[in-house]
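Those protein sequences? They're chains A and B, same order as listed. Residue numbers for the first sequence follow our numbering, so the first one is 332 and each next one is one higher. Residue numbers for the second sequence follow our numbering, so the first one is 332 and each next one is one higher.
It does not matter which identical chain is meant; a pair holds if it fits inside one copy or across any two.
In the DSSO-like style, the derived pairs of lysine-lysine whose C-alpha atoms are separated by at most 27 Å in a straight line are: (1) 703 / 412; (2) 526 / 595; (3) 390 / 491; (4) 812 / 703; (5) 585 / 823; (6) 750 / 823; (7) 731 / 412; (8) 334 / 648; (9) 491 / 703; (10) 731 / 414.
Worth flagging that the hints you see were computed from the coordinates, not collected in a lab.
There are 2 protein chains.
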Amino acid sequence: MTKKEMAQANLENLYRIFTVPEAPDSTLGQIDHAITDNVTGFLQEHVVALQREMEEIEKDFTNPCIPEEPTFVSEYTEFVKDKLVAQSVHTAAPSFVGHMTSALPYFMLPLSRIMIALNQNVVKVETSKAFTPMERQVLAMLHRLIYNFDDNFYPEWIHKSQYALGAFCSGGTIANITALWAARNRLLGPSGDFKGIAQEGLFRAMQHLQCNGLAVLVSRRGHYSLGKAIDVLGLGRENLIAVDTDENNRIDMKQLRYQYALLKEKGIRPIALVGIAGTTETGNVDPLNEMADFASEIGCHFHVDAAWGGPTLFSEKYRHLLSGIERADSVTIDAHKQLYVPMGAGMVLFKDPTALSAIEHHAAYILRHGSKDLGSHTLEGSRPGKSMLVHAGLSIIGRKGYELLIDMGIEKAKMFAEKVNQHPDFELISEPELNILTYRYNPSWLQLAMSQGSAEQVSKANQLLDQVTRLVQKHQREAGKSFVSRTSLRAKAYCDETLTVFRVVLANPLTTDEILSAVLEEQCAIVQGKEIQQLLQDVKNIFSDFEQRQAC
Amino acid sequence: MTKKEMAQANLENLYRIFTVPEAPDSTLGQIDHAITDNVTGFLQEHVVALQREMEEIEKDFTNPCIPEEPTFVSEYTEFVKDKLVAQSVHTAAPSFVGHMTSALPYFMLPLSRIMIALNQNVVKVETSKAFTPMERQVLAMLHRLIYNFDDNFYPEWIHKSQYALGAFCSGGTIANITALWAARNRLLGPSGDFKGIAQEGLFRAMQHLQCNGLAVLVSRRGHYSLGKAIDVLGLGRENLIAVDTDENNRIDMKQLRYQYALLKEKGIRPIALVGIAGTTETGNVDPLNEMADFASEIGCHFHVDAAWGGPTLFSEKYRHLLSGIERADSVTIDAHKQLYVPMGAGMVLFKDPTALSAIEHHAAYILRHGSKDLGSHTLEGSRPGKSMLVHAGLSIIGRKGYELLIDMGIEKAKMFAEKVNQHPDFELISEPELNILTYRYNPSWLQLAMSQGSAEQVSKANQLLDQVTRLVQKHQREAGKSFVSRTSLRAKAYCDETLTVFRVVLANPLTTDEILSAVLEEQCAIVQGKEIQQLLQDVKNIFSDFEQRQAC
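Isolated chain A, as found in the complex (with noise of 0.2 Å):
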């Protein structure tokens, strides 16, 4: 070929990729096939129990340099199949109750691919037209669910231009900045010749209002993206004061008011007081009402961290557990959580429809004054149509499927912690109040021996403890049928000790007794193993005096 042909073959070459659609028996069109027909299967067959370690995995993905020549559609498709399909995490495995991932429901599949093929842009009308209205639509929804205004609220305010009644993230970390930074522009907006933070920033408002710092508080239990958060707003990260939690990992109302004082005599304000319904690790919900009380008190900002918990309140017989979260001025929610919509979707709800204008923003090109383009009033810029799934999931589902979701996961839950507290080896750390508990392998000799022991005892011992657990969770996580995740938490059981344990999230439908059983049952398998029989040794070593007094 001379160069012009092959200039000319190239060209073609890539017209093609853009025209030609995949050939339903290419390598490619088999994959999507086998997947749109039975993802559990496929899965299963391609994913689970492939153990293989990172460093080996690594190897397929090292080299740096972008190839030169094109490659062929089925070509890649091999190495998807193999090297990455098979080396991924079967999240939607029922036995894969450690993370907040679950199964997804077969619709969301052929509706996604539409979503992907539609290629909208929500950031403005002008290339996303109805999908403008669905999302807002979406987030009316959402705020219906959370505040239940009247029936002359929506209409009003639901597609007004230049407001919304809260903002589609791609996540809940980018909610909770949302949140917390409309919160913030709200707290220290133009008075007198002060033309507002958003305007001025964080330097001039301080001096302006002659306060030393600003702050956020919230349970020792938040979740890690306030810390995030924080530090991006400006307020640094001592300013977020970790208060103290009761025995059931609830904000102590009591320690909540004491570390405001501290605050109030340091001169450092408050820009919100965070609730949390569901937290990360424990899946508990702060007093929400209580809350709502003290930050009317105190005239803050009340956000509630709803991520994980939100859906609860499509159920008649728990809703009441987020009882207060009416109260909040903004609400976080994830529809990659208990929405069960794929991966990237979070929202932030604002009580007052005029809240985010507090961050609102134009741009000559799009954004314009008066436009209905929901950019105005997001931190990101250009964002697919995902609203679009959750829009499905809420029609088709129906408000009465997510209350048997969320039933069955918090029934689920309590039968898990049946289970733990009747097996005598097993220690429940903390009760599931939603669908989240945690727990640790701790034999019935040993639980015995600590009750009895000294304080020093105990302490080495759980220092071993954690120890087992890390372990078993390791080896669980690497024999790949199972998988539960692990974090520390302070016990109040154990003086306030930090300890190492199992945690569980209860979501996926699909997961059966007899599942949940065969995770303990695993677990007390891999604690034979020669390594953390040493440990349960050393363990015992501890207790030795005892033993012998046992014996006498």
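Starting from the known structure of chain A, arrange chain B on it as the hints suggest.
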């Protein structure tokens, strides 16, 4: 049915939703296949040229109540087809040349489905496994494209836990915020008894530094995301210093020095100097080398916003236009723009692989110290495995394929500019440097009149022409056959007056010469409408004295 039977039926239905695939002959299956087999055909049939007012469309999205009962997927899909797909914007149409959207390569659709079905969460290895090293590889590939470090560099850093060569984000806005956040935190890191801005906040940092504020310097063509960034970071929008540009929409270095001197006088420190590699509105590139010189002279972080223009680096012919980008401390590139990945994928790369440590964060249950979890260096938390689509694009299209796309876009823009220049009734406002240009309708008689008119006459004429541009753009958009966007720009040729102009972005490889000619023809036809003719008559009257003189 008894209540119990109903509950059982509901439960079974729910399991079905999570486990039974959509039948190929269901409505959803049909749409899905239609899209699989022929995206362009399907979209053209269903989307283009549907004229419907927003207020009409909104009527289908006004109910704020979440449906109580489940809906059949088939029923819901009819709704999606008629009310959403048919009322969306055909962003992939070859005649849609107004925004930064384009046709997607076909293989992105089945691969996206796989990504969605796997539902990985790349915040942590435990829920993403191979997706973590893959994302790290993608970041390394882009890092190398920009910085081209030697062969020892990448093996050392690519998979090094605790570090990251960049951050994968939902888009360019989060990428820009991440860059400026890291820059701010590095400038104000721990020193002496000051624990750093991340810990103590901006107010204490100013007291420690004894300075009066922080700023970001960028040309007035900077993207609106920088305004959000500076607001959220606590610097205040006043401190986003919009430096004047030269006649080619590039930052004026003299003005930059002048603005910096003003800041210095006021005791305000710049946290970053931002260069633009492809301004959103005109596609121009700042003098990056000169800016890098200046940044190093004043000891300031140099960030380049190459969200749009970054992939120009693929082109051997045009990469010189971005010369100096390799001297930037950080660079933003959007994958959903000229890497042709579906909406929702941006990146920021850092020259120094330790730079992101300035925003590092941890949590007990994930992102533990020493882990390779990507989430410890991103602003966002839970994120989908979108980097897979970038990996696919780079592999399948290859460097040479992207080069072809870039070259075609730039050459098409030159050709279109030529068309505008040759047409007597259009006026080119900004010459294309990359693949973006602006122009307006300005009939030849008026161009002549304006060239000889008084300043006052010209200014009045411009105001009326602005209205013409707005109307033409609106009518063309509403007709739905083709789309150009509009913006307003200060034009040096008109003594820095702000003009409303058409903006054209040429990145869709399917856009042909004929389509572009048709865009201009359609605009000429729209101008013939009564309302616009009346406006043009008004302009004529402004110059009537001139015409009378001509007649003499």
